[in-house]
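S.K.: Letter by letter, the chains look like this.
2 protein chains.
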Amino acid sequence: MSKPSVPQGTRDLTPEVVRKRLFLLATLRNIFEQCGFQPIETPSMENLTTLMGKYGEEGDRLVFKVLNNGLNDPNKHDKTRSALENVLQGKNDVNLTERALRYDLTIPFARYVVMHQSELQFPFRRYQMQPVWRADRPQKGRYREFWQCDVDIVGSNSLINEAELLYIYREAFFQLAVPEVVVRINSRKVLTGIAQYCGAEEKLVDITTAIDKLDKVGEEGVVKELSERGLTDKQIQDIIRLINCTELDRLEQEFIATEISEGILGIKELRDTIAYHSTLAKLEWNNSTLKIDFTLARGLSYYTGIIVEVNCNDPRIKMGSIGGGGRYDDLTGLFGLKDLSGVGVSFGIDRIYDVMEELHLFPAEIGVGTKAMIVNTGGENELYALNILKQLRSQNIAAEIYPEPLKFDKQMKYIFNRSIPFAIIIENEEREQGNVRIKNFAAGTQTKISIEVLIKTLS
Amino acid sequence: MSKPSVPQGTRDLTPEVVRKRLFLLATLRNIFEQCGFQPIETPSMENLTTLMGKYGEEGDRLVFKVLNNGLNDPNKHDKTRSALENVLQGKNDVNLTERALRYDLTIPFARYVVMHQSELQFPFRRYQMQPVWRADRPQKGRYREFWQCDVDIVGSNSLINEAELLYIYREAFFQLAVPEVVVRINSRKVLTGIAQYCGAEEKLVDITTAIDKLDKVGEEGVVKELSERGLTDKQIQDIIRLINCTELDRLEQEFIATEISEGILGIKELRDTIAYHSTLAKLEWNNSTLKIDFTLARGLSYYTGIIVEVNCNDPRIKMGSIGGGGRYDDLTGLFGLKDLSGVGVSFGIDRIYDVMEELHLFPAEIGVGTKAMIVNTGGENELYALNILKQLRSQNIAAEIYPEPLKFDKQMKYIFNRSIPFAIIIENEEREQGNVRIKNFAAGTQTKISIEVLIKTLS
Chain A
1 MSKPSVPQGT RDLTPEVVRK RLFLLATLRN IFEQCGFQPI ETPSMENLTT
51 LMGKYGEEGD RLVFKVLNNG LNDPNKHDKT RSALENVLQG KNDVNLTERA
101 LRYDLTIPFA RYVVMHQSEL QFPFRRYQMQ PVWRADRPQK GRYREFWQCD
151 VDIVGSNSLI NEAELLYIYR EAFFQLAVPE VVVRINSRKV LTGIAQYCGA
201 EEKLVDITTA IDKLDKVGEE GVVKELSERG LTDKQIQDII RLINCTELDR
251 LEQEFIATEI SEGILGIKEL RDTIAYHSTL AKLEWNNSTL KIDFTLARGL
301 SYYTGIIVEV NCNDPRIKMG SIGGGGRYDD LTGLFGLKDL SGVGVSFGID
351 RIYDVMEELH LFPAEIGVGT KAMIVNTGGE NELYALNILK QLRSQNIAAE
401 IYPEPLKFDK QMKYIFNRSI PFAIIIENEE REQGNVRIKN FAAGTQTKIS
451 IEVLIKTLS
Chain B
1 MSKPSVPQGT RDLTPEVVRK RLFLLATLRN IFEQCGFQPI ETPSMENLTT
51 LMGKYGEEGD RLVFKVLNNG LNDPNKHDKT RSALENVLQG KNDVNLTERA
101 LRYDLTIPFA RYVVMHQSEL QFPFRRYQMQ PVWRADRPQK GRYREFWQCD
151 VDIVGSNSLI NEAELLYIYR EAFFQLAVPE VVVRINSRKV LTGIAQYCGA
201 EEKLVDITTA IDKLDKVGEE GVVKELSERG LTDKQIQDII RLINCTELDR
251 LEQEFIATEI SEGILGIKEL RDTIAYHSTL AKLEWNNSTL KIDFTLARGL
301 SYYTGIIVEV NCNDPRIKMG SIGGGGRYDD LTGLFGLKDL SGVGVSFGID
351 RIYDVMEELH LFPAEIGVGT KAMIVNTGGE NELYALNILK QLRSQNIAAE
401 IYPEPLKFDK QMKYIFNRSI PFAIIIENEE REQGNVRIKN FAAGTQTKIS
451 IEVLIKTLS
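Line order of the protein sequences matches chains A and B. If you're matching positions, the first sequence starts at 1 in the numbering used here and goes up one per residue. If you're matching positions, the second sequence starts at 1 in the numbering used here and goes up one per residue.
Keep in mind the hints are simulated off the structure, nothing from the lab. Check the hints yourself; a few may be wrong.
Same chains, same label: a pair holds when it works inside one copy or across any pair of copies.
Stated by the list, open to error - Here are the simulated DSS-like pairs of lysine-lysine, each with C-alpha atoms no more than 25 Å apart in a straight line:
#	residue 1	residue 2
1	K407	K76
2	K3	K448
3	K318	K390
4	K407	K318
5	K79	K371
6	K79	K91
7	K76	K91
8	K338	K410
9	K224	K448
10	K448	K318
11	K20	K456
12	K439	K234
13	K3	K91
14	K140	K20
15	K268	K371
16	K407	K448
17	K338	K3
18	K448	K213
19	K410	K3
Small disclaimer: the values here were computed from a predicted structure and weren't measured.
Chain A on its own, in the form it takes in the complex (with noise of 0.2 Å):
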C-alpha cells in the first residue's frame, strides 16, 4: 500500500486552523448581517458553458473540469472519443466533460441574480463565503483550493452603497484588529479621464494594465510598458503626473479646464463617497485610513466606477492586497439581464488568515475546545465522574472524560499534550467524599474541591 496522501495543491485543515478560519468567517458573517447583506450558496459545480469565455484565456486554462459519468456506455464511446480529440486541442466538449468546479464567485452570482431575478427585491444585497478551485501552479501560500467572501449589492446605483462596502471593509478589520489597514479608492472613470486627457482614450485597457502594476514594478516599470504600449512621451508625462496628484480638488481642475465631462463626474463621484463615508465612519477606526489614490487601477476589465483596494502596510507583512472590489455595470449582461449595476468587494481569506496567524491577533482562547478532562480511575468511580461530566456540560462547560482507566501518568500527559487547561481527578476518597481534585496546568496547583466549586471555577 502506497503512504496516502493529498492532491498537490490542496491541505487538509487541522482543529486549531479550522478553529481560527471560523472565528475569521463569522466576525465578517455578523458584520455582513448587520449592514443587511444576505448569504447565498452555489453549487461546487457550474454547467460548463456558465463558467467557460468569462476569465480570459489563461483563466479558461485553470478551470477543473469534471468526467462525465457513465462513459462506460457502448453507445457513448465515439461521441466520447470525438470529444476527447477536441479537449487535446484546447477546446471544450459537453460530451466529454459538462461540468466544472467553479473558479470564483463572481459568474455564479451573475448566474444567480439572472436566475432568479423574479423572487429577488433589488436592490439585492448578499454575501457569499465558499471554497473555489484553480488549477494553478501550486507554491507556497497558494493553494488549488481556496475560499472567497464576495459582498455586493446590485440593482441601485447609488454611491451609498460604496459608502457601505467602504464601511464593512473598515469596520472588519477593526474587529479583527488588524494594524496599519489602507483602504485606497479611485475611480475607473477619472483613469478614463485620464486617457482623454492625453488623447488616448482607445488605449484606456492599455494604460489600467500598466498603471496596475505599479506596486509590482514601480514608477519605472509603468512608464516602460506605457511606452511599450505605444504611448507616447508626452502621454506618459501627463499619465504620471495625474495619476500621482494627491487631491481630489488639483485634479479637477484639470479635467474642468479641459473640458473632459467623465474625469469630472469621476471626481464627484469619489467626492460623495467620501461624504456619506465619512458620516458612516466611526471615531474607534484608528486601525485603518481611506485614501485617495489615482495610481489605483484593477486590472479587472468589468469595473465601471469606484474601484477600491486594501493592503495591510505593517511592515512585519509582505503581501499583496487583502481586499478589493469595485462598481460594475453590466455583469449580469453575460446572462442576458442587462443594466443592472452593481457594487462588490472581497474579502481574501486566506491572505488575512495569514497576516493574523503572522501578527498573533487570533483570541488565544480558540485554539483550545475542552475545558476540563476527568483522569478515568475506573470501578465505581467511573459512573460518578460520569455523572460530574454531565453537570459540567449543563453547565456549558466543554469537559470530557478519559474513555479508558489507564495508567494515571499517562492519561495526564495526555490531557497535557491536548493542551487541556484543567484535570479533574477522582479517585475512591474523593469519590467518598463527594469531592474532586482539580489540576491547573499553567498555574501547576493541584487542589480538592467540591463539585459545586469546580462548576464555578470551569464556569
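Place chain B on chain A using the hints.
M.R.: Positioned in the frame of chain A, the structure of chain B alone reads:
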C-alpha cells in the same frame, strides 16, 4: 444566449435556506465542541487512488472524477488517448483523471488519521461537516452535492465512547426540538451470535443484508430474501425469532444455553453502553427514546460492534433514518495503520433540515436578517439618516438604509417584501426635531419617537 441553469441534481441556496442550515450546523457544532470533539476539514478533491475500491462497485461508479489539466500538451496526447480507452471500459486511469471529488467523509477521515498519526493525540475525537458529491440519479430530496456531518472517536475500545455518541444524538435532537426521535441500538456481535446460533456464520453478510431491509420490505420480504440467499426454513425461523426478542436477558439466555460467546459478549456490550449512557442522560430528553432493536443491521460491512440508527417517528414525517453509525475495528487499515478501533455516527443534515422545515421547527427570527430599514427621503435627510444608521449599528442592531431617494411607496413596498419588521421614516419635520417616525409592520402602527426611544425599541 441560452437561459442560465445549474447542473442537474445541484441547487442554489437562498438566504432563508442558508440561514436555517447555519442554525442547524451551529447547534450541532456547539454540542460537539462541548463534548470535546475537534473540527477538521479535508480537501474537496482526493487522489483517485484514495477513493477507488472503497465504496463497492456501485459506489465507485458514482464518484465524480476531475479531468486532468493541461491535456492539450501534445506530448501527452497518446497517453491520454489510451487512458480514455481504459475509462471507456469502466477502469480508472490517472493519465485522464488523477483526482476525484470526495464521496463521503469516512474515507477522507481514515486517510487523515493515517497521514497525521504522528501529530495526533489518541484517542482522537473529531467532527467534520462538509459537502460530498455523488453522481446519483437526482430525485426529490436527493442531490448530487449534499452535506455530511460525522463525529468519530478513534483509538479507544471503551464503550464510554458509544455512550457519548448516544448522548450527542439525544442532546442534538433535544436542542433542535425534533419530536418522537427513536435511537435504536444493536451489536454486530449479537447478529454474528445469531448467525452462529443457526449454524450459518459464513452467511453473516447475507443475513445482515436481508435484515437491513426490514423497514422497507417487512418481515415477509426478509424471509423471502433469506430463503433466496440459501438459508433453510429452520434457520430463517430461528433468525426471525431471535431478532424479534425485545429483552437483553432472554436473548442472553439463548446464547448462554448454546455457549455462543460472541453473542454473550454482544449482549454485555449493549448492557454496558446503556449503563454508561443512563448516567449521562438528561431528564429533559422527553422527545427521544433509546431502544434496543435486534432487527437493526446497518448495511455497511465495516461495522464490528455496537451499531445505531436514528429515526423521527412523527406521523407527519415519512422519511428514512436521520442518523446512524457504529463501531468499526479496522478503518485505517485501508491505508496501512492497523488495529486502531473507532466508533462514529453521522447526522443526515439534509434530512434533518427537511424534518425541521416540515414541522416548522426553525425559530422564526432566523429567516430575517435586517431589523429596520430607513426610508431614504434624500437631500439633507440623507446624511441625518446615515448618522442614525451608524448609531443603530453601534448598538448591534441590524439595519439598512434604502440607497436611493425613490418614491416613498416604492421604498415601503420593498421593505415590506423583504419582511423587514420596521421601517424608519425621516422627513424634514422629523430631522428638524431630531426625531424619527417608526412603522411596525406587524402591529400596523406608526409613531413619532426620539432616537433614544428608537434604539430602545429595536434593541
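S.K.: Against each hint, give a clear statement of whether it holds in the structure.
M.R.: Consistency of the hints with the structure:
With identical chains, the CA atoms of K407 and K76 are never at most 25 Å apart, being 63 Å at best within one copy and 58 Å at best between copies. Taking identical chains as interchangeable, the C-alpha atoms of K3 and K448 are never at most 25 Å apart, the minima being 48 Å within one chain and 71 Å between chains. When the C-alpha separation of K318 and K390 is checked against a cutoff of 25 Å, the pair qualifies neither within a copy, at 48 Å, nor between copies, at 33 Å. Within a single copy, K407 and K318 get their C-alpha atoms no closer than 48 Å, and across copies no closer than 49 Å, so neither meets the 25 Å cut-off.
In the homo-oligomer, the alpha carbons of K79 and K371 never lie at most 25 Å apart, since the shortest distance is 60 Å inside one protomer and 55 Å across protomers. Taking CA atoms no more than 25 Å apart as the test, K79 paired with K91 passes in both settings, with 15 Å inside one copy and 18 Å between copies. Both within a single protomer and between protomers do K76 and K91 lie at most 25 Å apart by alpha-carbon distance, with minima of 19 Å and 16 Å respectively. Taking the shortest Cα distances, K338 and K410 sit within 25 Å of each other only across copies (22 Å), while inside one copy they are farther apart (68 Å).
Taking CA atoms no more than 25 Å apart as the test, K224 paired with K448 passes in neither setting, with 75 Å inside one copy and 63 Å between copies. In this assembly of identical chains, the alpha carbons of K448 and K318 never lie at most 25 Å apart, being 51 Å within a copy and 53 Å across copies at closest. In this assembly of identical chains, K20 and K456 lie within 25 Å of each other by CA distance neither inside one copy nor across copies; the values are 27 Å within and 34 Å between. Proximity of K439 and K234 under a CA criterion of 25 Å is satisfied in neither setting, with 76 Å inside one chain copy and 60 Å between copies.
Taking the shortest Cα distances, K3 and K91 sit within 25 Å of each other only across copies (22 Å), while inside one copy they are farther apart (36 Å). Taking the shortest alpha-carbon separations for K140 and K20, only the intra-copy value of 19 Å comes in at or below 25 Å, while the best inter-copy value is 36 Å. Taking CA atoms no more than 25 Å apart as the test, K268 paired with K371 passes in neither setting, with 56 Å inside one copy and 32 Å between copies. In this assembly of identical chains, K407 and K448 lie within 25 Å of each other by CA distance solely inside one copy; the values are 21 Å within and 71 Å between copies.
Proximity of K338 and K3 under a CA criterion of 25 Å is satisfied inter-copy only: 14 Å between copies versus 53 Å inside one chain copy. When the C-alpha separation of K448 and K213 is checked against a cutoff of 25 Å, the pair qualifies neither within a copy, at 65 Å, nor between copies, at 54 Å. Within a single copy, K410 and K3 get their C-alpha atoms no closer than 29 Å, and across copies no closer than 63 Å, so neither meets the 25 Å cut-off.
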